[in-house]
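Novice: Spelled out, the chains give:
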Amino acid sequence: MNMIEQPRNFTTELAVIGSGIAGFAASVFAVNRKIATALAGNSGAVAYTTGYLDLLGRLDGIATAVTDPWEGLLHLRQTQPKHPLGRIAVADLRAGFDEFTSFLGSGGIAYSRAGDRNVTALTPAGTLKQTLCVPATMAAGPRAFAARAACVIVDFEGLKGFSSREVVANLGGRWPGLAAQRIGFPDMARGEVYPEVMARALEVPATRERLATALQGVAGPARVIGLPAILGVHRPDRVHADLERLTGLEIFEIPTMPPSVPGVRLRELLEQALPKRGVTLIPQQKVTGLGFDGDGATLDLRDSYGPIRIRARAVILATGRFLSGGLEAHPDRIAEPLLDLPVTQPAGRADWYRERYTDVRGHPLHRAGIEVDAESRPLGRDGRPCSERLFAAGVIVAHQDWIRSRSGAGIAIATAYQAVGAAERYLRGSSGGLAATPSLNRQVVVPGE
Amino acid sequence: MAAAIAAGPLRRADRTKQMAETAIAPLNFKEAALELLPPGANFDACLTCGLCSSGCPASGIENMDPRKFIRMAMLGMDEELSTTPWVWCCTLCKRCEYVCPMNIDVSQLVFLARGNWPQDRKPKGIARSCHLAQLGDSTSAMGMPPDDFAMIVDDVLEEVRGEQPGFQHLAAPMDKRGAHFFVNQNSREPMSEPEEMVPLWKILDRVGADWTYSSKGWAAENFCMFTGDEEAWRNVIKKRVDAVNDLGCQVWLNTECGHSYYTMWQGVKRFGLDARFRMDSLITWYARWIREGKLPIDSRWNTKGIKFTVQDPCMIVRKSYGDAIAEDMRFVVRTLVGEENFVDMQPNRSANYCCGGGGGFLQAGMTDQRRIYGKRKFDQIAATSAAYVLTPCHNCHSQIEDIGRFYGGDYGVVHFWTLMCLSLGILGKNERHYLGPDLRALID
Chain V
448 MNMIEQPRNF
458 TTELAVIGSG
468 IAGFAASVFA
478 VNRKIATALA
488 GNSGAVAYTT
498 GYLDLLGRLD
508 GIATAVTDPW
518 EGLLHLRQTQ
528 PKHPLGRIAV
538 ADLRAGFDEF
548 TSFLGSGGIA
558 YSRAGDRNVT
568 ALTPAGTLKQ
578 TLCVPATMAA
588 GPRAFAARAA
598 CVIVDFEGLK
608 GFSSREVVAN
618 LGGRWPGLAA
628 QRIGFPDMAR
638 GEVYPEVMAR
648 ALEVPATRER
658 LATALQGVAG
668 PARVIGLPAI
678 LGVHRPDRVH
688 ADLERLTGLE
698 IFEIPTMPPS
708 VPGVRLRELL
718 EQALPKRGVT
728 LIPQQKVTGL
738 GFDGDGATLD
748 LRDSYGPIRI
758 RARAVILATG
768 RFLSGGLEAH
778 PDRIAEPLLD
788 LPVTQPAGRA
798 DWYRERYTDV
808 RGHPLHRAGI
818 EVDAESRPLG
828 RDGRPCSERL
838 FAAGVIVAHQ
848 DWIRSRSGAG
858 IAIATAYQAV
868 GAAERYLRGS
878 SGGLAATPSL
888 NRQVVVPGE
Chain H
69 MAAAIAAGPL
79 RRADRTKQMA
89 ETAIAPLNFK
99 EAALELLPPG
109 ANFDACLTCG
119 LCSSGCPASG
129 IENMDPRKFI
139 RMAMLGMDEE
149 LSTTPWVWCC
159 TLCKRCEYVC
169 PMNIDVSQLV
179 FLARGNWPQD
189 RKPKGIARSC
199 HLAQLGDSTS
209 AMGMPPDDFA
219 MIVDDVLEEV
229 RGEQPGFQHL
239 AAPMDKRGAH
249 FFVNQNSREP
259 MSEPEEMVPL
269 WKILDRVGAD
279 WTYSSKGWAA
289 ENFCMFTGDE
299 EAWRNVIKKR
309 VDAVNDLGCQ
319 VWLNTECGHS
329 YYTMWQGVKR
339 FGLDARFRMD
349 SLITWYARWI
359 REGKLPIDSR
369 WNTKGIKFTV
379 QDPCMIVRKS
389 YGDAIAEDMR
399 FVVRTLVGEE
409 NFVDMQPNRS
419 ANYCCGGGGG
429 FLQAGMTDQR
439 RIYGKRKFDQ
449 IAATSAAYVL
459 TPCHNCHSQI
469 EDIGRFYGGD
479 YGVVHFWTLM
489 CLSLGILGKN
499 ERHYLGPDLR
509 ALID
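These protein sequences, in sequence, are chains V and H.
Note that the numbering used here numbers the first sequence so that position 262 is 709, with each residue one more than the last.
Note that the numbering used here numbers the second sequence so that position 94 is 162, with each residue one more than the last.
If you're looking for bench data, these hints aren't it; they were derived computationally from the structure.
Any given hint could turn out to be false.
[Stated by the list, open to error] One-sided and incomplete, this derived list gives chain V residues near chain H with beta-carbon spacing under 7 Å:
{"#": "1", "residue": "N456"}
{"#": "2", "residue": "G638"}
{"#": "3", "residue": "R647"}
{"#": "4", "residue": "A648"}
{"#": "5", "residue": "E650"}
{"#": "6", "residue": "V651"}
{"#": "7", "residue": "D684"}
{"#": "8", "residue": "P705"}
{"#": "9", "residue": "E715"}
{"#": "10", "residue": "P730"}
{"#": "11", "residue": "Y752"}
{"#": "12", "residue": "P754"}
{"#": "13", "residue": "T791"}
{"#": "14", "residue": "Q792"}
Being a predicted model, the structure only gives us computed values, none of them experimental.
Note that beta-carbon positions come from the ideal geometry of N, C-alpha and C, so glycine has one too.
Based on the provided sequences and hints, a complete structural model is requested.
Specialist: Right under this line is the structure:
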């Protein structure tokens with residue numbers, strides 16, 4: 448009876464592999480559709496997000512940024528018919544953004560709704576970018592820039608990765624009323640100071656009061672203050688509102704370089720909110736085995752405690768690209784490691800990159816990925832769906848270069864929306880259908896026999 | 069316990085003196101790191117993004133942080149890493165690995181570094197606790213012999229039977245063969261606050277548990293792991309495993325203590341010991357007994373709406389069971405204090421911060437560094453505005469009390485067993501040490 452490692456078994460209707468924005472969004476859409484869901488995946492690129500949710504900010508061959516992303520999508524459809532964003536109805540795209548941002552808003556991170564045009568938002572370097580949805584804590588920045596309001600950008604002693612002087616140096620030419628100030632963060636030990644640490648400290652009301660006093664001291668005649676993104680991790684909207692109340696100033700956040708707070712915010716919110724809605728969450732663990740049989744799919748992984756096996760009727764693969772392990776670069780080829788799905792890729796390694804890193808055409812490697820059909824099902828080597836139970840979402844899908852097109856969140860949310868829709872159709876149509884009431888598929892540690 | 073065994077070998081004044089003693093032989097960290105890595109992993113995968121350092125309360129202490137530690141290891145800065153006292157400030161909590169997109173585990177290198185320090189240079193509090201645990205059969209880090217433990221249990225039991233109505237037949241069996249549960253006991257209670265053993269006995273009595281203490285291997289602390297001395301860690305765990313096997317118990321039930329569970333569970337696996345029993349945490353059994361109706365606690369006593377938060381001990385949540393036990397713990401707390409009176413810390417569960425009492429930090433004599441580390445925990449607690457922190461871990465308990473006093477916090481720290489007995493109306497007069505006036509007022 449040597450019972451050191453106890454394998455734990457979960458059964459669910461839908462298993463989502465990957466906890467980036469695509470995997471999280473898929474889980475949100477699934478629970479909203481009352482599909483019993485399990486989510487497994489370790490932290491990946493979501494940790495590095497700015498917090499902005501981009502749809503489409505750049506188009507190949509066009510020098511200017513995209514200000515109307517919906518018009519840009521029409522262009523994309525014509526010029527890149529295989530692009531994942533070109534394969535989803537506009538109404539679905541809007542619905543996906545609205546559904547995802549509503550979920551985040553209910554958890555304390557309110558977002559602006561997807562509008563008809565992009566928002567001109569500030570970057571950590573004081574440059575500008577086009578994005579679709581902006582967190583409420585950052586919304587006053589684009590407004591102040593548009594109005595060229597007198598504004599002070601404040602940074603902190605010991606903080607790396609965000610410099611108010613840099614922001615002003617890059618943006619001051621177009622924003623004459625912009626000034627830079629540096630202050631010490633209240634009660635912070637000297638040395639390197641991290642945005643996450645400041646954000647946690649600002650969840651304490653007394654720290655907010657002391658920071659408010661310091662901000663009032665450097666605001667001068669300006670009524671608007673720009674800060675690095677530090678206004679709390681948990682429920683930043685509340686921290687933001689309280690700091691505005693205490694200072695009597697309008698305050699906005701600017702994203703910082705990693706390690707930054709917006710990604711931690713999203714992850715912690717979703718990792719708490721999804722289990723409350725019944726999702727089985729296996730946080731920060733990679734799925735190492737995935738197989739299909741006549742009755743369903745089996746996922747294998749392990750956490751600190753031991754092996755875990757998940758049985759699911761359908762699976763969404765949202766494992767991302769190289770950083771998250773969804774794609775692997777081998778000396779001779781790009782591979783998909785979980786199922787060895789065929790990866791559309793340049794003919795040979797010599798073709799992965801162009802000669803110049805900054806080539807405006809981008810690099811062929813960045814468009815590598817798996818192929819999917821109209822029902823979001825990954826295709827096997829025979830060009831047919833690999834499994835009727837398998838769906839894919841996120842940037843693992845081929846024919847897009849999300850960094851250059853500023854469309855990472857857009858691809859994640861749109862493809863997750865499509866994949867969940869397809870998975871739902873499959874689950875409702877296949878034998879058994881969906882349970883009328885989703886089963887509570889969480890498993891707790893049950894001591895005893 | 070902290071006060072009893074704390075020492076300050078690493079105070080700056082002492083450090084210079086010690087330099088003349090035993091030199092620390094540099095360890096080849098890069099080589100060690102490469103050996104430790106799981107298949108397919110490599111430190112080249114480190115993006116130097118800093119999520120580890122950003123999420124580590126020990127960052128900046130002794131001018132070190134996890135990212136810097138890894139980078140220095142890769143650069144071959146072995147002498148600096150072999151001698152930095154930061155290895156005694158890292159609490160081995162594994163939060164860096166948890167948030168790392170590449171799952172790089174700094175704590176394994178820190179563990180090696182600790183083991184590489186000469187015995188006479190290790191923090192005396194940790195080293196002495198380990199030494200004492202190996203001396204006798206008790207495995208007590210405070211050196212309490214088996215006979216003393218048995219005598220104190222008897223004395224306390226006799227007192228309760230005589231003075232507390234309804235408990236004339238309360239039992240605290242010792243060395244009962246074939247009992248279902250082998251219950252361990254943190255030395256802090258029999259050594260310095262024996263009355264704190266009683267609430268758990270009452271709970272075990274109420275649920276009708278078939279349990280026993282053991283005169284051998286009874287203690288629930290193991291600082292040998294924190295010294296980095298694998299042999300000593302194994303020795304202590306071996307005695308405990310033998311003790312449970314000898315009594316033929318089915319479950320080794322770990323009391324409200326974090327690291328004792330981890331060192332046992334991990335030690336059995338690491339050293340391939342023949343443990344013929346399950347290893348369970350008391351928390352999962354509290355939850356089960358409540359669900360089964362054996363432990364009829366509720367929150368009706370909390371008429372003033374007193375607010376509580378809960379500390380997830382790293383050792384039983386992030387490092388062992390994962391979120392499942394954190395959910396059990398929340399189920400117990402919500403039942404006990406009322407859903408509306410429970411406020412979660414942020415972050416929580418597997419993402420929670422170590423309090424700064426773990427990894428032997430509380431015993432290392434590095435008070436200033438430990439309190440700097442604990443500031444993040446203090447902020448987390450302050451943000452909840454809770455009047456009390458519940459935690460099933462003695463080190464968390466002591467550290468959270470200490471930082472509360474140091475930073476001017478207005479909260480108390482309570483064991484689960486105390487509040488459970490309060491809810492059941494069976495908390496003895498002398499078992500109320502950790503209750504503040506607000507809680508006392510509800511039952512006096």
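Novice: If a hint holds in the structure, say so; if it does not, say that too.
Specialist: Consistency of the hints with the structure:
no. : hint : verdict
1   : N456 : violated, 13 Å
2   : G638 : holds, 4 Å
3   : R647 : holds, 6 Å
4   : A648 : holds, 5 Å
5   : E650 : holds, 4 Å
6   : V651 : holds, 5 Å
7   : D684 : violated, 14 Å
8   : P705 : holds, 5 Å
9   : E715 : holds, 5 Å
10  : P730 : holds, 6 Å
11  : Y752 : holds, 5 Å
12  : P754 : violated, 12 Å
13  : T791 : violated, 24 Å
14  : Q792 : violated, 21 Å
Taken one by one, the earlier hints fail for this structure at numbers 1, 7, 12, 13 and 14, listed in ascending order.
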